[in-house]
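Engineer: Heads up: the sequence lines are chains B and V, in that order.
Take the first sequence: its letter number 54 is residue 54 in the working numbering, and every next letter is one higher.
Take the second sequence: its letter number 21 is residue 209 in the working numbering, and every next letter is one higher.
In case anyone wonders, no lab produced these hints; they're calculated from the structure.
Keep in mind that the hints are not guaranteed to be accurate.
Computed spacing ranges between beta-carbons, pair by pair [unchecked claim]:
(1) V/I417 with B/E63: 40 to 50 Å
(2) V/T191 with B/E23: 31 to 41 Å
(3) V/L546 with B/A44: 12 to 22 Å
(4) B/E63 with V/D310: 45 to 55 Å
(5) V/D252 with B/A44: 37 to 47 Å
(6) V/E426 with B/E63: 23 to 33 Å
(7) B/E63 with V/R454: 38 to 48 Å
(8) B/Y134 with V/G439: 36 to 46 Å
(9) V/G193 with B/N166: 34 to 44 Å
Values in this document were obtained by computation on a predicted structure and should not be read as measured data.
Ideal Cβ placement from N, Cα and C applies to all residues, glycine included.
The residues making up each chain are set out below.
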Amino acid sequence: MELIAELVPPGSRVLDLGCGGGELLAHLRDRRQCSGYGVEIDDANVLACEQRGVNVVQLNLEEGLALFEDKSFDVVLQLDTLQHLRNTEKMLRETARVGRIGIVSFPNFAHWPNRLRVVGGRMPVTRVLPYEWYDTPNIRVGTYADFEVLARRDGLRILDSFGIQNGAVVRRWPNLLASVAVFKFERG
Amino acid sequence: MSTLGDVQPQSMHFAAPLPLKSGAQLRDYTLVYETYGTLAADRRNAVLVCHALNASHHAAGTHDGDPKSEGWWDNLIGPGKPLDTRRFYVISVNNPGSCFGSTGPMHVNPDPAAGGRRYGADFPVVTVEDWVDAQARLIDALGITELAAVLGGSLGGMQALAWSLRYPERLRHCIAVATAPNLSAQNIAFNEVARRAIVTDPDFHGGHYYEHGVVPRRGLRVARMIGHITYLSDDAMEAKFGRDMQAAALGYTTQDIEFQIEGYLRYQGDKFSEYFDANTYLLITRALDYFDPAFAHGGDLTATFAGARSKFLLISFTTDWRFAPARSREIVKALVDNRLDVSYAEIAAPHGHDAFLLEDARYHAVLRARFERIAAETGTTP
Numbered sequence: 001m002e003l004i005a006e007l008v009p010p011g012s013r014v015l016d017l018g019c020g021g022g023e024l025l026a027h028l029r030d031r032r033q034c035s036g037y038g039v040e041i042d043d044a045n046v047l048a049c050e051q052r053g054v055n056v057v058q059l060n061l062e063e064g065l066a067l068f069e070d071k072s073f074d075v076v077l078q079l080d081t082l083q084h085l086r087n088t089e090k091m092l093r094e095t096a097r098v099g100r101i102g103i104v105s106f107p108n109f110a111h112w113p114n115r116l117r118v119v120g121g122r123m124p125v126t127r128v129l130p131y132e133w134y135d136t137p138n139i140r141v142g143t144y145a146d147f148e149v150l151a152r153r154d155g156l157r158i159l160d161s162f163g164i165q166n167g168a169v170v171r172r173w174p175n176l177l178a179s180v181a182v183f184k185f186e187r188g
Numbered sequence: 189m190s191t192l193g194d195v196q197p198q199s200m201h202f203a204a205p206l207p208l209k210s211g212a213q214l215r216d217y218t219l220v221y222e223t224y225g226t227l228a229a230d231r232r233n234a235v236l237v238c239h240a241l242n243a244s245h246h247a248a249g250t251h252d253g254d255p256k257s258e259g260w261w262d263n264l265i266g267p268g269k270p271l272d273t274r275r276f277y278v279i280s281v282n283n284p285g286s287c288f289g290s291t292g293p294m295h296v297n298p299d300p301a302a303g304g305r306r307y308g309a310d311f312p313v314v315t316v317e318d319w320v321d322a323q324a325r326l327i328d329a330l331g332i333t334e335l336a337a338v339l340g341g342s343l344g345g346m347q348a349l350a351w352s353l354r355y356p357e358r359l360r361h362c363i364a365v366a367t368a369p370n371l372s373a374q375n376i377a378f379n380e381v382a383r384r385a386i387v388t389d390p391d392f393h394g395g396h397y398y399e400h401g402v403v404p405r406r407g408l409r410v411a412r413m414i415g416h417i418t419y420l421s422d423d424a425m426e427a428k429f430g431r432d433m434q435a436a437a438l439g440y441t442t443q444d445i446e447f448q449i450e451g452y453l454r455y456q457g458d459k460f461s462e463y464f465d466a467n468t469y470l471l472i473t474r475a476l477d478y479f480d481p482a483f484a485h486g487g488d489l490t491a492t493f494a495g496a497r498s499k500f501l502l503i504s505f506t507t508d509w510r511f512a513p514a515r516s517r518e519i520v521k522a523l524v525d526n527r528l529d530v531s532y533a534e535i536a537a538p539h540g541h542d543a544f545l546l547e548d549a550r551y552h553a554v555l556r557a558r559f560e561r562i563a564a565e566t567g568t569t570p
């Protein structure tokens, strides 16, 4: 969480898509003087946000971000959310529309243990991807390298990107060595 | 069960006329209200509860030890309830034009030209904003400058919103449940059917039925029946009644009750016509129709809320088709556009519009969390 928080400029207006219980928003508010809203679909998470005093809007992200105007946020966060959405590409475009900067993180399917599993003929089951193929909520599996291709295709300019492995930043061969991919981008 | 116990309604008389949105004024009026809990020494723990169409100042507790007399929001208000009266001083006011004690159409018109007649149809048309102004005067008289929160559902939610617009500095939190920024054409249409049912009842006498010693009961019954249908969801009605019959075999009758839903609606209509006033029904449905704060801003809801200052909580229910979630989202958008603090919960409840009055764990948990936050900000402990 701290690694992501450091990407958010202090005092930013932040929209956190799939904000969970509002932990990061509360952290950004308390430590980095940020303000803004979370978007969350789950009742228990909405309640947790309310208990934390974090602004939360209960909304299904699959329905888009019509509630938010163009460039109305400094930063739009989409952490560990993208892979759950059917409309991944649309969501990415919406993120770039609503925020000046977008930050996404998602499980990197090309992390080497995953590659080994696939070479061995099985879908990977790891700490970051703990599900079996038949019950996974990760309906969009992609890799660090795949995202670079999609970003280019959608005209997003990558400002920074790195992998995360065991809580540490991976800048060397992240597509191979990191289980989580992080991208910070703006509309090109 | 009520945790509050017996409560006593109070009343306050106002000699200064209340200027109304229509340009008319309400002279020499009385407001009936109830309070629960204790006002803190710093007077910062007051919460105003606004009532909806057919409710009154009696929001919580019981009257004269009668368990059947529980207030309409008793599941929410009381010691240990989400709106905890050990922490908050709760004020619930009966709006003028109502038929539960505050000055209304059944009271004598103080205008000398009326010659001691009751108001009847001459009661001035009151709006949501007029009610909010009347409530503000009562709050003044109670020595409270700033409310910790204003809370309401449905038409009560409209009053909470109106508070945030008319008196932005006087409330810290605005909690609006199952409400809308205005009524849709379909909603106005339902109200109009109800009004026509009342007005065309031969016992209506142009609204001066008191003098004739009659009540337009048939109209009131039909008005209540149509209203009641719109407060329930299709699914809730199906689950409760389905096509259940009154008797084992069809009676091949067009006028007797065949289906249980018919019996239920007639019962609700009968009950309502015993205690509710027809002129009040006309006035309150009109206040609903007229509520449209964005009208003065060319329909721009974002511009409407530009002056709001409070923190907001909006709640809607998925099966509420009379005040649908999409209408609450319009308000959320306007608040977000203005960078105001707002949270919005959309509760998956099967009961339709009525859900705002019912005890639903997820709904009440969100309200409880908000009031705990408000109490922490206010510095009140039980």
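Engineer: Evaluate each hint against the coordinates.
Structural biologist: Status of each hint after checking the structure:
1. With their beta carbons about 29 Å apart, V/I417 and B/E63 fall outside the hinted range of 40 to 50 Å.
2. Remark: the range hint 31 to 41 Å for V/T191 to B/E23 is upheld by a beta-carbon distance near 34 Å.
3. Between V/L546 and B/A44 the C-beta distance comes to about 20 Å, which sits within the given range of 12 to 22 Å.
4. Checked against the given bound of 45 to 55 Å, the beta carbons of B/E63 and V/D310, roughly 49 Å apart, stay inside it.
5. One distance hint, 37 to 47 Å for the beta-carbon pair V/D252 and B/A44, holds here, with the actual separation near 42 Å.
6. Under the hint 23 to 33 Å, the C-beta atoms of V/E426 and B/E63, about 26 Å apart, fit the expected range.
7. Range check, B/E63 to V/R454: Cβ separation about 41 Å, and the 38 to 48 Å hint holds.
8. Restraint check, B/Y134 to V/G439: a C-beta distance of roughly 55 Å breaks the suggested window 36 to 46 Å.
9. One distance hint, 34 to 44 Å for the beta-carbon pair V/G193 and B/N166, is violated here, with the actual separation near 58 Å.
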